[in-house]
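Undergrad: Each chain, written out:
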Amino acid sequence: MTSTHAPIIQMQGIEKHFGSVIALAGVSVDIYPGECHCLLGDNGAGKSTFIKTMSGVHKPTKGEILFERRPMHFADPRDAISAGIATVYQDLAMIPLMSVSRNFFMGNEPIRRLGPLKLFDHDYANRVTMEEMRKMGINLRGPDQAVGTLSGGERQTVAIARAVHFGAKVLILDEPTSALGVRQTANVLATIDKVRKQGIAVVFITHNVRHALAVGDRFTVLNRGQTLGTAQRGQITPDELQDMMAGGQELVALEDSLGGTV
Amino acid sequence: MTEANVAATADERVKQQSSLQKALIRPELGGICGTIIVFALFLIFAGDSGMFSAQGVMNWSTVSAQFMIIAVGACLLMIAGEFDLSVGSMIGFSGMMIAIFTVTLEWPVWQAILATFVMALAIGALNGYIVVRTGLPSFIVTLAFLFILRGFTIYLPQIIERKTIIGGVDRAAEGDWFAALFGGKILTGFFAWMGDAGIIDVFERGSRAGQPVVEGIPMLIVWAIALVIVGHIILTRTQFGNWIFAAGGDAQAARYVGVPVNRVKILMFMFTAFCATVFAACQVMEFGSAGADRGLLKEFEAIIAVVIGGALLTGGYGSVIGAALGALIFGVVQQGLFFAGVESSLFRVFLGVILLFAVILNTYIRRIITGER
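Chain order of the listed sequences is A and B. The numbers in this note's numbering rise by one with no breaks, and the one at position 147 of the first sequence is 147. The numbers in this note's numbering rise by one with no breaks, and the one at position 34 of the second sequence is 34.
Next up, chain A with everything else stripped away, as it sits in the complex:
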């Protein structure tokens, strides 16, 4: 559906070595605007290393990152953020002791000038936070409510809303649903859908095939630092995805003994 556009990010032959360990052995993925690109893989498959390369945390050992067709060399996450690549990490999205509005504007504080002083514009921050939260369906007691009082799903939603508000073109979500309950997961998946419809590219990392199939447009499976190809929605069944993630053979044997419950 989206392959008619130009890709917003092209990761070409990305390799990443940590000492003698090869975490990524040449991974190529194209991400298009307005698509939800699911990145699947078992633990240790290299998903985290891959997205950290995309978000500027790691520098690739080999390979090239093209952002809007231009080669990019991110020195640190700040570079990636200012280019429009935002990442929401599973449990590191928010700071529980700080208020929602302080969290929302963390790193992007609105400034109000008072003579020579540059002050944090709390009125603006509070107003925008309340508005954005209402759009995402979260009713706050007030903008000064601490994030610690929100549920896990709401924290992810706040983090996503924050990234979108600050003009993210690519939103990377690192296992946003893995620690959540059923309803919270549904909320987060609905949020992903809303964001995608605004034309933002979503990279959704998960090892849960059902969550991926619920919102994904395309699916890339990583296994042992390599990609096993990208599939369009409708071209692949859940079982095939599951098999690819586990590396095929081993799971067949396992599945027999478990009666197909994995």
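Watch out, some of these pointers could steer you wrong.
DEER-style ranges, computed between Cβ atoms [what the hints assert, rightly or not]:
id: 1; chain 1: A; residue 1: G167; chain 2: B; residue 2: L187; range: 48 to 56 angstroms
id: 2; chain 1: A; residue 1: V21; chain 2: B; residue 2: V349; range: 14 to 22 angstroms
id: 3; chain 1: A; residue 1: G44; chain 2: B; residue 2: Q158; range: 58 to 66 angstroms
id: 4; chain 1: A; residue 1: P116; chain 2: B; residue 2: G175; range: 29 to 37 angstroms
id: 5; chain 1: A; residue 1: G167; chain 2: B; residue 2: V230; range: 30 to 38 angstroms
If the Cβ cut is set under 8 angstroms, some of the chain A residues that face chain B in the computed set are [to be verified]:
id: 6; residue: I81
id: 7; residue: T87
id: 8; residue: M94
id: 9; residue: L97
id: 10; residue: M98
id: 11; residue: G107
id: 12; residue: E109
id: 13; residue: I111
id: 14; residue: L119
id: 15; residue: A146
id: 16; residue: G148
No lab work stands behind these hints: they were computed from the structure. Cβ coordinates follow ideal geometry from the N, Cα and C atoms, glycine included.
Got chain A; can you put chain B on it based on the hints?
TA: Okay, now just chain B, sitting in the frame of chain A:
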């Protein structure tokens, strides 16, 4: 993804807080309560002892201001998620360097003080750099500097002047406007007028007969108030303040959204060293000398004042106003026990007890804020 999780999402924090509870949930709560209790107690038990005369007020205000100066630095650093145990040694070291520069090297006092500030800031930056680079707990790194700086503070005057106290700074400082920034007094005309008008007492005998018992507001108090106001505004009203909270709340999460956490932490170590040097400069200008044992245990007193003021030891939460109230409680109790005629060693007992209560109260407040069970 169990039944329990579903149930937990069903009754999501819809419970309303009463406005009273809301008003109580602020970091300064402990400090405000403590201040009220302490003042009430001393008004009852030492109200007629001269503690609340002009001289008495100036006495405990000065002591409180000393605590306040170092508490502001310790407070911002603790909110940024780190400790500095070398504050006390830094006070001794900075004071000694000012004295060595002025007395031994015969530099002008302004130059000595400026050079000392530069040195202190460099040491603070080194502290911070080691902490953020190695990832070691700041407790260990600054504990090392506690001994290193104290060692030099004792060693240097012994090899240079063959004594552990260097005096004569006051003579060198006479007429130096920069030294007056730390050792001077302001509003002396106003106090003289109040003395003449009979609002405050005047000396009746001796060489200073006719002069008011309180000459003016010492610069120490001016520094304390200025640091509290500046610290409070930076913390609550600026972008940098938000970064301080973020760095202490969760450094990794803050890094991911682009907060320069290492820079924030190093700057806070430097600010703590700055506060310690302000303290040292005021003390040296007041006494006219520097001693090798100055500032002993000050690091702990600063940390206790900050904790009484509602900051969490784990960082990410706290208040400069709270820390200032903690320092005020300190000063009032330490001097108040003297006015009330109570054995002064009981001050330490009080410290321990109030520290314990403050930490318990803080833990309770944090649970309410974050909804932990």
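Undergrad: Decide, hint by hint, whether the structure agrees.
TA: Structure-based check of each hint:
Between G167 of chain A and L187 of chain B the beta carbon distance is about 53 angstroms. The supplied range of 48 to 56 angstroms therefore holds. The given range of 14 to 22 angstroms is broken by V21 of chain A and V349 of chain B, whose C-beta atoms sit roughly 57 angstroms from each other. Between G44 of chain A and Q158 of chain B the C-beta distance comes to about 60 angstroms, which sits within the given range of 58 to 66 angstroms. The hinted window of 29 to 37 angstroms between P116 of chain A and G175 of chain B holds, with their beta carbons roughly 32 angstroms apart.
About 34 angstroms separates the C-beta atoms of G167 of chain A and V230 of chain B, a value consistent with the hinted range of 30 to 38 angstroms. Given the 8 angstroms rule on beta carbons, the hint for I81 of chain A holds: about 5 angstroms separates it from the nearest Cβ of chain B. A hinted interface residue such as T87 of chain A counts as satisfied when its beta carbon comes closer than 8 angstroms to some beta carbon of chain B; here the least separation is about 6 angstroms, so the hint holds. Using the Cβ-Cβ criterion of 8 angstroms, the hint placing M94 of chain A at the interface with chain B is satisfied: the shortest such distance is roughly 7 angstroms.
About 5 angstroms separates the beta-carbon of L97 of chain A from the nearest beta-carbon of chain B, less than 8 angstroms, and the hint is met. Of the supplied interface hints, the one on M98 of chain A holds, with its beta-carbon coming within about 5 angstroms of a beta-carbon of chain B, less than 8 angstroms. Using the Cβ-Cβ criterion of 8 angstroms, the hint placing G107 of chain A at the interface with chain B is satisfied: the shortest such distance is roughly 4 angstroms. Interface restraint check for E109 of chain A: the shortest CB-CB distance to chain B comes to about 4 angstroms, inside 8 angstroms, so the restraint holds.
Of the supplied interface hints, the one on I111 of chain A holds, with its beta-carbon coming within about 6 angstroms of a beta-carbon of chain B, less than 8 angstroms. Using the Cβ-Cβ criterion of 8 angstroms, the hint placing L119 of chain A at the interface with chain B is satisfied: the shortest such distance is roughly 5 angstroms. Proximity of A146 of chain A to chain B holds as hinted, the smallest CB-CB distance being about 5 angstroms (cut-off 8 angstroms). The beta carbon of G148 of chain A comes within 3 angstroms of a beta carbon in chain B, closer than 8 angstroms, and the hint placing it at the interface holds.
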